[in-house]
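2 protein chains.
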Amino acid sequence: MTKLDYKQAGVDYAKIDPLKILAQRAAASTAGNLARHGLAEIPSSRGESAYVVDCGEFLIASITECLGTKALVADAMRAITGRSYYDLLAQDTLAMAVNDIITVGATPISVHAYWAAGGSEWFHDEQRAADLVNGWKRACDACGVSWGGGETPALAGVVAEGRIDLAASCVGLVRPRTRLTLGERLAPGDAIVLLASSGIHANGVSLARKLAERLPQGYATKLPSGALYGEALLAPTVLYSPVTEALAAAGIVPRYSANITGHGWRKLMRHPSAFTYRIHTLPEVPEVLRFLQEQTGSEAREAYGNLNMGAGFALFVAPEEAERTAAIAAAHGVRAYVAGRVEAGPKQVLLEALGLAFGGEELHLRG
Amino acid sequence: MTKLDYKQAGVDYAKIDPLKILAQRAAASTAGNLARHGLAEIPSSRGESAYVVDCGEFLIASITECLGTKALVADAMRAITGRSYYDLLAQDTLAMAVNDIITVGATPISVHAYWAAGGSEWFHDEQRAADLVNGWKRACDACGVSWGGGETPALAGVVAEGRIDLAASCVGLVRPRTRLTLGERLAPGDAIVLLASSGIHANGVSLARKLAERLPQGYATKLPSGALYGEALLAPTVLYSPVTEALAAAGIVPRYSANITGHGWRKLMRHPSAFTYRIHTLPEVPEVLRFLQEQTGSEAREAYGNLNMGAGFALFVAPEEAERTAAIAAAHGVRAYVAGRVEAGPKQVLLEALGLAFGGEELHLRG
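As you go down the protein sequences, you meet chains R and S in turn.
Quick note: the first sequence uses this note's numbering, first residue 37, plus one each step.
Quick note: the second sequence uses this note's numbering, first residue 37, plus one each step.
Please keep in mind that the hints were generated in silico from the structure rather than gathered at the bench.
No experiment lies behind these values; they were computed from the predicted model shown.
Treat each hint with caution, since some may be false.
Claimed, not checked - Sample of chain S residues at the chain R side, in silico, Cβ under 8 angstroms:
(1) K56
(2) S65
(3) Y150
(4) Q163
(5) G180
(6) G184
(7) G186
(8) L191
(9) V207
(10) H307
(11) S309
(12) V374
(13) R377
Idealized CB from N, CA, C, for every residue including glycine.
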């Protein structure tokens, strides 16, 4: 069996990064425009998962995120089971935005849907349309956000025929402003609490799709539990905002937060400063991720460096608040692990049980 | 010459509208979620061009909008002239969001870019990438907004190969809250001030592309002025927020505003109440729109009912403020026409000079 790796699987970041860096610099240069309105940005929010504007009494966070290519898995699975799965994709898409905006300490308040189809025909499938709408509404209700509106363009020639480009934008409020979580208080000794993922979420999907192509049964391959591979991939991303809101209500303000998406566990060292993140407890790995790792012939380094491997979100909290943080998450239906601690030392993530270390040079997020 | 019309040209709204209505209803049902945060929506903002949340001291407006298929024109023109035109498309995309958010009286403060390409390769074209970034920055500076971040996903299989799906989300503040413009004060006697467009903007592009297919010289067809048809189509959408901000600074709060996009001049009766909108003065029609109307064999009814025909934005103001409104727009480089007035009467738009009437049943925006 030949190995499958990320570079074979899809996105070539070397081709995107120069534009990203240009865009980040140009974007940073527009911050001064806020002064015309008597406002200012929170400079340290640049490069973080959501952008924050300081309006004096209050802070406004905002974000736009896309689902990626997970809809291609749903489209393929529909041919096998007849289900559309767009209710689940709706939750995934909303989660991409909501799980990012909460990292800065914001309460998500409103979202817009962006559903750009390859033609008018896409929207004409009643079951799929109803699934998408109902799933989106349920996810909004779960997060306590108001669905403010959206776009449903038919973009023949831009979006591929028969496909849809799903994205969400979200606005949040940081209030009181002491809830702002941009990492200024992160310090050695802080505990790392990992919140369980439900499966692949929406990162690593290109690799998972590539694997399906070479499995004899494709997405219909049975996992040891009997679940179909494709259906297991479609387990929707966990919405973590009920947990972060409950923490706030309990008076717990994380010192930092990281949404574990692309770059997998390397995201644990997202904070701009140099710290060592020592992990002593690994969360249970969802069956579909274990399967993906085995079938692609990936080493633990590759798996943990790219996939969430059971940890969908990381909270960095004061050590005395770690157990209570985990208990509050559990009370909201999200399994949590007091999994490690922040230490003084070079920027790295250490996974003790696996004898693995990711060095700071292995994560580049800021231009 | 056979006639070209909208139904031939692309989007089949009959296939999209049922989903839109489902989505609007589901979205409206999530408004109560805001109460969990001690907030409430401005109910009358539903169905308007931007969504508004009431946060007590201040109001937050938000919107997500896409460019549509105009990038296909730029891609075709590049083969003719070698220019990328993505600097212009950047302005168009930002304008879609900004010109919508200002209709509710908001000052746009921050934007996120959404650039979803058909593959990593798209971003690797240095000239085009630089044009897109620089055009976006310039448009942000022109509107006084901070570019907070964005997404640059490579979505092979979802977005068509070699193409890009461009969208923007925008957050705005309505402050003081008396600037909120949802039409409560609109009344017979109010003046209609039309702000000039620069050309097709980004609505009617499917029709324009269809026409290019049957012109012997395609986009390279010369207009009477000597300009190429394709290049004239790419004149970027006017950014109207400098005008609305200047009006606010001058103490003029419009009674209502409408961004003239899809449905052309039918958008003049966007306000939910029944009024007659009598237009006595028509703005100059940009050459490219005149050409489009002639070459597609469209009647004035079809042209004005679908294209902006020279009017990109409508301000409804107190009659005594009409001339000053037009003068302030002109001082900001936007030609303006005191073009008509609001009257008691059935919902309709009357274009006196053309002997045309659009009835209220010809515009359906709310589910």
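Checked hints:
Interface restraint check: K56 (chain S) against chain R, minimum CB-CB distance 6 angstroms, threshold 8 angstroms, status holds. With a cut of 8 angstroms, the hint placing S65 (chain S) at the interface with chain R holds, because the nearest CB-to-CB distance is about 7 angstroms. About 5 angstroms separates the beta-carbon of Y150 (chain S) from the nearest beta-carbon of chain R, less than 8 angstroms, and the hint is met. Checking Q163 (chain S) against chain R: minimum C-beta separation of about 11 angstroms lies over 8 angstroms; hint violated.
For G180 (chain S), the suggested interface contact is upheld, since its CB lies about 5 angstroms from the closest CB of chain R, less than 8 angstroms. With 8 angstroms as the threshold, the beta carbon of G184 (chain S) comes within range of chain R, its nearest partner Cβ sitting at about 3 angstroms, so the hint holds. Among the interface hints, the one on G186 (chain S) holds; its C-beta lies about 6 angstroms from the nearest C-beta in chain R, closer than the 8 angstroms criterion. Annotation: interface hint on L191 (chain S) holds; nearest CB of chain R at approximately 6 angstroms, less than 8 angstroms.
With 8 angstroms as the threshold, the beta carbon of V207 (chain S) comes within range of chain R, its nearest partner Cβ sitting at about 5 angstroms, so the hint holds. A cut of 8 angstroms between beta carbons decides the hint on H307 (chain S): the least distance to chain R is about 18 angstroms, and the hint is violated. A cut of 8 angstroms between beta carbons decides the hint on S309 (chain S): the least distance to chain R is about 21 angstroms, and the hint is violated. A least Cβ separation of about 28 angstroms between V374 (chain S) and chain R goes past the 8 angstroms threshold, and the interface hint is therefore violated.
Nearest Cβ of chain R to the Cβ of R377 (chain S): about 30 angstroms, over the 8 angstroms cut. The hint is violated.
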